[in-house]
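Peer 1: With chain A fixed as given, assemble chain B onto it according to the hints.
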Amino acid sequence: MARIVFRAWVLLLAFTLLPQAMAANVALVLSDNGGPYAEFATSFEEFSSKSNWKISYVGKIDGQASAQTRPDLIIAVGSEAFRASLALGVNTPILATLIPRHSYDKIFSEFGRGRPRGMTSAIVLDQPAARLGAFVRQLLPTYQRVGLLSSDETRSQLPALRQSLGGLIIDNEDVSGDPALLGAINTLLPRVNLLLALPDSSIYKRDNIKAILVTTFRHQRPVIAFSKAFVTAGALAAIYSTPSQLARQSTDLLLALPAGATALPAIQMPGQFAISINSYVAQSLNLDLPDEASLRRALQADGAPK
Amino acid sequence: MKHLNIRQRLLLITLLPSALMAIVLVTFFTMSGLRTLESDLNAHGHALVRYLAPISEYGIISGQIESLHVLAQTSVQEPGVKAAIIVNQRGRAVAVSGRVSLGSEHLRRPPQQAGVVAENENWIAFGAPVMRSLSEADALYEPITSGVESRNEVIGAVFVEFDKGELAQRQRALVLRGLAIVGIGLLLLAMQAIAIADSAAHPVRRLVLAVRSMSNGQFDTRVNADSSGEFGILERGFNEMAGHIEDVHASMQERIEEATAMLAFQARHDALTGLLNRREFEQRLERALLNVQAGGEECSVLFIDLDRFKPVNDTCGHLAGDELLRQISQLFQGRLREEDTLARVGGDEFCILLDNCTGPRARQVAEDICGLAAAYRFIWQDKVFAIGASIGLSTVNRNVRNINDILAAGDAACYRAKESGRNQFIEQLPNAQPERRQEANGWSERISGALADGRVLIEAMPLRALQPDAMTGHLVEIGARLSEPGQPSISLSALIDAAERNDLAPTVDRYFIDQAIKALVRAEKHGKELHCLVPISLASICQRDTASYIAQQLALFNVGGRGLCLLFSEEESARKSTQVLEFSRSIRSVGCRIALDDFGGGLSSFSHLRAIAPDCVKLSRSLTRDLNGNRASTALLRAVQEITSDLDIYTLADGVDDPAGLQQLSEIGITYAEGLAVAPSEPFQVWFEGVVMRS
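If you read the sequences in order, they're chains A and B.
To convert, note that position 7 of the first sequence is 7 in my numbering; the numbers rise steadily by one, no gaps.
To convert, note that position 27 of the second sequence is 27 in my numbering; the numbers rise steadily by one, no gaps.
Everything labelled a hint here was simulated from the structure, so no lab data went into it.
These numbers come from a predicted model, not from an experiment.
It cannot be assumed that every hint is accurate.
Partial selection, computed: residues in chain A whose CB lies under 10 angstroms from chain B [as the list claims (entries may be wrong)]:
(1) P36
(2) R155
(3) P243
Backbone N, C-alpha and C fix where the C-beta goes; we use that ideal spot for every residue, glycine too.
Same shape as in the complex, but just chain B:
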């Protein structure tokens, strides 16, 4: 039953009971028909002998054999009768007709009443006694028979034999008829059942096919809703459901496509800036390389690493850093053409692919980017940050094997640009294969090794007093350069940068301090007046023992702190104002002075003047750069000068390479100047011996 489909079930349900019923009914009626036939035969036989017996009476009594013969023959002519026998009182057959099968023993023993006397499969014999009939008589004339009642006297018997062949034939005909009725009935029933099953199963089948097709993903499947009743409801319901499913599927598909598109976008873009990410950039670079290799125009790649980005993150948090990146990316994007590709490939690293652009044009773009980065000021709350961009420029030409060459060359060039003093670009061809920049974790050994070996060359940048009220004696700013064998020397800014990144800044600072104190001791011993501007990093300022170290050293060499002026960035002082104030106080207590570097770059500069009260400020180059003809700059410089002079703070302008500048600065009132116009930078020891000791 479980494995049947609905059509077969319906057929079974309708056909089986009906078929069973029909078979049972026909069997019942056939059996009762057979019994009726038999009982008919019995009744016929009984009736025949019952009638035959009385009418034979007179013939037997009167011995009229002829009339008995006639009776017997008449009986045999009855349908089914095969023989008739009439016997007399002594059991002798007096009249016989037909083929007699009954044995003589039956004839000699007359039956007591009408009934079956013998039977086998072929024939059945009925018999009845012939009684002497009694008439109604007047009792008055009866003889006196003392108590003896006159009884019916048996005077003979009649026997009739029936052939069972005819009965069997009729029974066979009856059975055959029954079977035929069953057959025809079942045939009609089957046809009707098939019609019913089909009418019920067809809509179900259609629905099943539709459901199957739906589940195979054909959501536009519909069925003909032409059935009536429940099937109609089902079909319409299916169509409605299918419609809903199709709609839902379509909208879901749409959303999936949207999401896929978004994922694809996200996979190719940087979430923060919306620029392309590294992977996508590399793919585009790959395409560009293929294009170039296929004979297309050459193109250039700029590798940009932002300078001084880390302080922004460290000072104002990542939100500020993120904002800076967004702004700078928009700034860069504004400089580029439509066909150029700008991508953010790392934290503060960007790449630009310049299509069909090489040589001077590419260099111009790099220079412009540098200029944009240098001119850009990031303002966060009340703080202003200046950054820069170190750019490696590489060209994609046919000789490049793969993009890794380009990436390596660009990376190296960028590194070199950063090492060479930041905010500049260096060009390197991909196949030049320069040494890869050393990894950052090599710095600590390099620096400590260089300090130990004396390979950190202390440089002197002499200052010239432009005003008569300036301090007397020799003024010098101490710088340094890392000199390694077989390699170009590394500038102070790159050295400090690396030292800051590797927490070696205090070590470098102490080295400078030691050198400066050593020089001060020697100068004092020889009666020379020397003032050293020593740069000091924020890390050292934040270390409590830096001030005590300086005091110990001064005490150790028994020298006053007056000649020592510690120079630190105005930005740094703004970041860690508490520590800076504490440091300033401690330093001043041992007689040292304070100078602020890069003063005037930020808007908060003037507030620092009061808080820190430096002895000297080193003016930002942005103030002193365009003195010629730039009235605004000059006015700004004048304002700064006025304020500082009010506060008795010396001002120092660096990078003054033009002698005319000196005059101008002097007119404005700037206290000191340094630069090529004053004196070139030279090894401290050389300067000290040559200038200080010989004065």
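Isolated chain A, as found in the complex:
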């Protein structure tokens, strides 16, 4: 990580001296060289092939940071990349992506204080609340009571969420600290039909997920999650956006910027999404679910924003 920061810093130090030329030089800063970040970079490069951008990479092994020109835009892929980009402290516009909303806010409040408005924006991972509601309704039409676990990270989202999940009754249990987690779940689950997991790094951790899933299974309550990995671990279904989809959205966003624009648009939520269902879990819980394609169609017909 220190290596990435160092390289980006050296690069941007050179760029700051050059006159701004938006949408000409794009620097892609990756949190890591593999996984979703690499997928994002590949897709981004593919989508922007028709443009005349000059894309330079930071954080890739063959990183072509040798571009002598100063970037006009930094695309920070992942929380780490965003933080590193901010830490450079240069006034280059930064578009963060592949980052939960909460992380964005937290990092920005930490490192981006004092940056001019419009110089920082993001395309976050969090799905719009309305889409979540639609997804729950389409997936499990008979399930009314939706349980949520909230912590300091997510507590602030709750009012908006309640508003968006029309027709569904939200039941919430606040969790503060690991030891109380299973107790909170055990308290919550008897009251609800399902558990809706929101991206919350203080609750849904690698070492917790199994215990949470086992507990919900004990209570015969399905879990609707926010990532494919969660579904693989044992959640019933998830709605999420892939790195490729977010790369497309990023490309679109940049292309849509008017020439000579000096500010980035406001934070966006994912437009495209993907659905993943664990049929084994559905079988175990004796649930008869619609297939993924019809769900997608239903969700799009539900008028969820793209």
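Peer 2: Relative to chain A, chain B alone:
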């Protein structure tokens, strides 16, 4: 190993390696079995805690004590598990089942990984940490933790205790099973080894017994040749060898018996004549004596000593002597009955045992033997020998104590017969105990003593001239007789015999010569014509100085040799012809004459006439004995007379006791005669004084 027999060796060879192998194998497998049991227990323990740890995780996390209890109880139901404990992160036991032996210090210190945490001889405890499991999560949602990797968190531990009793029991069972296998295996092995050893050792044992029996001399020992292979070959080979050995032994036994029989025969018989020898004769005599003493018929024993045997040996050698003995023994044997026993008991001595024969019959046999011996002529090359037999006759009667008496009596009688003039028999009873004849080595003193003392009486045997052309004067043959006080006088022939044997013959001869010369001197002094026939022995003839002695004596007394005629045996002259010729020549040179004694007895007589050219021959008695009616004898005598008269040799017939004989001899032409018909023998001195001096 050395002291073992083949069976024990075979047993050792087959059993020992197999037994060792079996023990090693079973020990190896038992040990590895024991180790396997232990490692099984270890693996079981490890597996149990490894499985138990993850499934306890949720219970510990969620604090579900009930489910942990269930887990612990389920674990304890596993075979061999004696206790199960689940502790939480703080080391407090949250679920316990069974009898726990593990100390609290182990519980409070959770192990870093699955393994043995404690162990003693009764139990073993395995432990494993309970880790918080990590799920696969989307990295995008991970909290930003600056460089801190999330680690597996230990949230508790599980412990399981196993009872080693069961392990020990199973190990014991394993060892017992191993021992049982070894035992049964060794038993089967031993049975098989014994069977093999017996099958191999039995034929060998049989052979050993057979060999032992063979060496003990049982040559008919055989073994059953029913084995196969090498043993069969050995058995058949043994039987063949035994057969050969038996055959060889049998033939050797036969030869030994033959040789023994031959030795026995040789021990009892005389090798030369095939007659019984002295020992066997004595044994038979002993038996005969016992028989007589037991009341059997009496028997007689003849002791025969051949006369004039020595000259044959001396003249023609021992081969001739041996031949003579063989012939004479056959001659004697021919006269005897089947039951009579003839034995050769010495050089020229024979013995005859006449069974159931005494008195006149025995005397007849003795006489016949004498006659046979006298009539017998031994011819060797061109020489003819006449012998005789002096026989002692003794009778075996009940009064005889032992055979030595008989032998002594027979011996003495034989001696007396020989002394009394040979070729005759004298009877003597065993218990008469006459003086034993004096030993030969006494003769020299006797003779020299007799000569010195004048006990040798010179006798005169006057001769009568039967023909007118005979020499004139008194003719006499000088003889002698040994007269010893208290003993019968010994005849001339016995005296000469003894003198010849003792080399005293020349002394006796000189004595005769001296006496004759003395008489001649006296006769000449008184103008009487005297002719003396003086016998002289071969020994004297062979002495060169005999002739010179005679010449000296004649010269000394100044008397001519004409009256002295030396008489010696025709046989003797044939033996030493060179010396005789030399002697004759010397004697003739001093005027003495030569006469041959016993002429006509041998075939060579006539050749001697020419060679020696005697002046006189004294005819053999065999020629003059049977003049009456025996034409052959007469013809022979005539022939002799004719030849001698042609050669101008006088003839003399002696032993003429019958006056008719004189007439007959005279008619034939014999020159002189002597004998009882002429004049009896009388002392020379008496005759000389009475006849010569008074004529």
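Peer 1: Which of the numbered hints are not met once you compare them with the structure shown?
Peer 2: 2
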